[in-house]
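K.L.:
Residue numbers (my numbering), protein chains in the order written: chain X, 1 to 303; chain L, 1001 to 1259; chain C, 2001 to 2353.
FYI, nobody ran anything at the bench for these hints, they're computed from the structure.
Quantities reported herein were computed from a predicted structural model and do not represent experimental measurements.
Quick reminder that beta carbons are idealized off the backbone N, C-alpha and C, glycines included.
Hints may be right or wrong, so weigh each one.
[Claimed, not checked] In silico DSS-like links for lysine-lysine, alpha-carbon gap of 27 Å or less:
| no. | chain 1 | residue 1 | chain 2 | residue 2 |
| --- | --- | --- | --- | --- |
| 1 | C | K2065 | X | K24 |
| 2 | C | K2322 | C | K2278 |
| 3 | C | K2132 | C | K2113 |
| 4 | C | K2344 | C | K2278 |
| 5 | L | K1002 | X | K219 |
| 6 | C | K2322 | C | K2344 |
[What the hints assert, rightly or not] For each label pair, taking beta carbons as the anchor points, the in silico distance ranges come out as:
| no. | chain 1 | residue 1 | chain 2 | residue 2 | range |
| --- | --- | --- | --- | --- | --- |
| 7 | X | R212 | L | L1042 | 50 to 58 Å |
| 8 | X | F158 | L | L1176 | 53 to 61 Å |
| 9 | X | W160 | L | L1042 | 31 to 39 Å |
| 10 | X | F51 | L | F1171 | 39 to 47 Å |
| 11 | C | E2171 | X | I122 | 38 to 46 Å |
| 12 | L | F1015 | X | G252 | 21 to 29 Å |
| 13 | X | R212 | C | E2171 | 51 to 59 Å |
| 14 | L | K1002 | C | E2171 | 46 to 54 Å |
[What the hints assert, rightly or not] Which residues of chain L face chain X? A few of them, derived with a C-beta cut under 10 Å, are:
| no. | residue |
| --- | --- |
| 15 | G1005 |
| 16 | I1024 |
| 17 | L1094 |
| 18 | I1108 |
| 19 | I1138 |
| 20 | S1239 |
| 21 | L1244 |
Each chain is listed here by its residues.
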Amino acid sequence: MPAEGNVPASPRSGGNAATAAMPKWVATVALLLPTYAWLTLAIFLPLCAMFAFSFLSATPMGNEQVSFTLQQYAVFQTQPYMIEVAIWSLMIAVATTLGCAILGFLAALALARAGLGRSRQILLILIVLPFWTNQLIRIFSWTMVLRSGGFLDSVLHFFWAGAPSIGFLYTRPAIVLGLIHGYLPYMVLTCYIALIAIDDEIIEAAMSLGARWWTILFKVLVPMAMPGLVSGCVLIFVPVIGAFMEPRILGGPVGVTLGTVIEDQFTQAFNWPLGSALSFIMLAVVLAIFATFSGVLRRNASA
Amino acid sequence: MKTAGRIYLAFIIFFLYLPIAVMIMMGFNRSPFYQLPFQFTLHWYSVLRDNTQLITAGWNSVFVAVATTIIATTLGTMAAVALSRSTFRGRNVLRILLLPPIAIPWLITGTAMLVLFYWTGIGRGFHAMLIGHVALAIPYVVLVVGTGLQTIQTDLEEAAMSLGSTPLHAFFSVTLPLLYPSIVGAGLFAFAVSLDQFVISYFLATPGFTTLPVQIYSAIRKGFEPDINAISTILLLSSMALFLIFAIFVRPGGKVDKR
Amino acid sequence: MTNVEVKTVAKHYGGTPVLTDITCHFAEGSFTSLLGPSGSGKTTLLRIIAGFVAPDHGNVAIGGKDVTHTPVRARNIGMVFQSYALFPHMNVNQNVGFGLARRGIRGSAARDKIARALEMVRLPDFGARSPKQLSGGQRQRVALARAIVTEPTVLLLDEPLSALDRRLRQEMQVELVRIQRESGLTTIFVTHDQEEALSLSDRVAILDRGEIIQSGRPAEVYERPRTRFAAEFLGDSNFMSGTVRDRTIVLEDGQRIATGFDLPSDGEHATVAVRPEKMTIIGGHDPASDGENQLSARVTNVIYAGPALTYTLQGVDGTTLKVFAQNRDGRPRETGETVTLVWKAADTVPIEA
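Next comes chain X alone, as it looks inside the complex:
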């Protein structure tokens, strides 16, 4: 019998003996590197570049004289109308989020509690399905419903020939309506996941204690679904604050928001430093929102 069995082994620092041929970390790094290199090129470096751009005095194109400045971040002082734009953007985002919260929570509640049995899955897919189609096309489709003389008016005039037009395309309510339509499935999904986890017995227990339906709704269901509700609100508020295509198409002349102003800086005005600064202010708001609600979001993601 060979004596090698008695040779004391050199101490090893953990790891897996199964991959003695190649250290395990080499494989791990090789698997991860392409993805994170790609994300660095496509996401992280661009954000850095944009951050740098936001301190330039003008877009470095042609023979433009460029210097470093903080002037872009003072835009809310130098151009006071931007304050109004920001306020309208926030109000649109808040209205959209609130609308989604109310409509979505109730839809999730109906879905989870209306005793639908197996058709529940199909209804859920039906609600989520439009969400997977092109947002641009869905927004575009509203123009055909809302314009004066559009589908809405046609239906009204079919019943009441002399009625005035009720089409409200190119108004802020139209923007909010389109955005709610676009993001409602998010809220239904997050609330549904939270509500479906509530045991029937909890509601039966509340009923056995003499609770009325509104007590059950506001003291049991809403508090227990709160994580889903909050997640849904964050997941909707963040993209809506950055929306530019929706206000452009549904708002027309009144659809000026932070998003469309940023878009203009990059595609029309060619004031990239200003656009970068505005983007970064928006990014700061987004990160602050995520930081505030990270606890709820993480708990909801792991549930």
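Please build the complex by placing chains L and C on the supplied structure of chain X, with the hints as guidance.
P.N.:
Frame of chain X; chains L and C shown alone:
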């Protein structure tokens, strides 16, 4: 209460599908000014056939989506395997770094890409869009494949190794065949993400290379005819079909007995 | 002849030690149970032998060859997992043939071996089935066939019976012993079920907090536990402590306990363990005969389970005692009755506290 719930759900579904239905219907309506009453025609679809701009943009969209699917599915699957099959410090940080492409508004990431790509000379066009689309699709792939990996117990790989497999052989003979539905699902997901992507494409498009959503957007802003409805209908229905296939492949709870 | 040898093996996870300085041998053809509570390190030890976990230091030898740095695939082991780990995308034949193919055995040679292995586990006609079509016990048998078909040097079983219900588990225990005898494979069996360990194996090693507390033949370990943990984890025990005087133990209340074993020198503290089934209950107080111990106690609880009775009693000094009795001698004792416990000095085992 139950009846009220059902009526409400019917209303929500009506709300979600009304504009889509109107849009599709108008693509089959004779009036170029979207006037009712409805008169059926296939005219706009034959007009569409001659609209080389839209057709080219459509094929561009498909090219970008196919390339995105191949790259994002490969890279994302690799990353998902590393993230779920080995433990190392900083793994959670890497997981969090997958969020920005999804969580930061695309307006910000899109304009940021425009700035960097202009600055470094990478420029715009197909390759730039591909860089952006893959970055957006990778997190979804990691998520879908990672979830699939969780349902495959690690002791299956260990069993293969105890029977004489190398770790690589164990992965290819045991894990990969079981992971296959998740990978196909992730690929469909990546394809759909790319096909529907508008914002990033919009900032990275050149006059010579646009995708369908970008072309539709500029048509909406400049004036259009119902052939836009026709192409939109086609794009809409293909996305829906993709989602339904995805739902079949990655059925939640469909892998419970996988042991 | 020693087949598997573990030498001074230690393993830490983070800062917590899981195994500290383990040395043990597994003889050719033996069936050894590694018995311990969860967290005792028994599974880690098995996984170190298998090669899934690398020890911080120490050596593992299988079949006389040092395999400490050999990958799992080259150790020629057979392993059965707690979840069976059958490949769900392969049928039974493909599952059992997996290891053979890895060893270059294919075609008719492989088919013969697979058929023989399936016959051994009494599933001869199940080759074409998918694992999904099998019951728990059948999956277990296939997993076993897959592990033994390659004629491994050692068979490693990681709590393979814990997922089965009680009746099926007993059936599989009998099967396991038969298959082990027939194949003659050196077998290492991890379990937390003490009855299983006692009835299946010809050697038992008790682990606690990363150390082997005691090992030996099942009867040896059961009859002569060396520590309080061994006495408590393997079966039930009554403990009595006192001071040593004249080769007996004097309890606090003055009663003397005799033992058939060596005790520490006079004046030192000592503890003895007595199995509950070794004690008998008598009514009055007889003078103690030679080689016998007596203790009076009061019955505090009686659990009546048909053929057997479990008494809980309280000694004079307040210690709780347990007695298992056959339901044979007329009327069971009543709660509150004062009785006398009688047992042999030979059943009184001194232990390390």
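K.L.:
State for each hint whether it applies.
P.N.:
The hints, checked one at a time:
no., hint, in the structure
1, C:K2065 / X:K24, "24 Å, holds"
2, C:K2322 / C:K2278, "10 Å, holds"
3, C:K2132 / C:K2113, "23 Å, holds"
4, C:K2344 / C:K2278, "8 Å, holds"
5, L:K1002 / X:K219, "20 Å, holds"
6, C:K2322 / C:K2344, "16 Å, holds"
7, X:R212 / L:L1042: 50 to 58 Å, "57 Å, holds"
8, X:F158 / L:L1176: 53 to 61 Å, "59 Å, holds"
9, X:W160 / L:L1042: 31 to 39 Å, "33 Å, holds"
10, X:F51 / L:F1171: 39 to 47 Å, "40 Å, holds"
11, C:E2171 / X:I122: 38 to 46 Å, "45 Å, holds"
12, L:F1015 / X:G252: 21 to 29 Å, "22 Å, holds"
13, X:R212 / C:E2171: 51 to 59 Å, "56 Å, holds"
14, L:K1002 / C:E2171: 46 to 54 Å, "49 Å, holds"
15, G1005, "3 Å, holds"
16, I1024, "8 Å, holds"
17, L1094, "7 Å, holds"
18, I1108, "5 Å, holds"
19, I1138, "6 Å, holds"
20, S1239, "4 Å, holds"
21, L1244, "8 Å, holds"
Of the numbered hints listed earlier, not one is contradicted by the structure.
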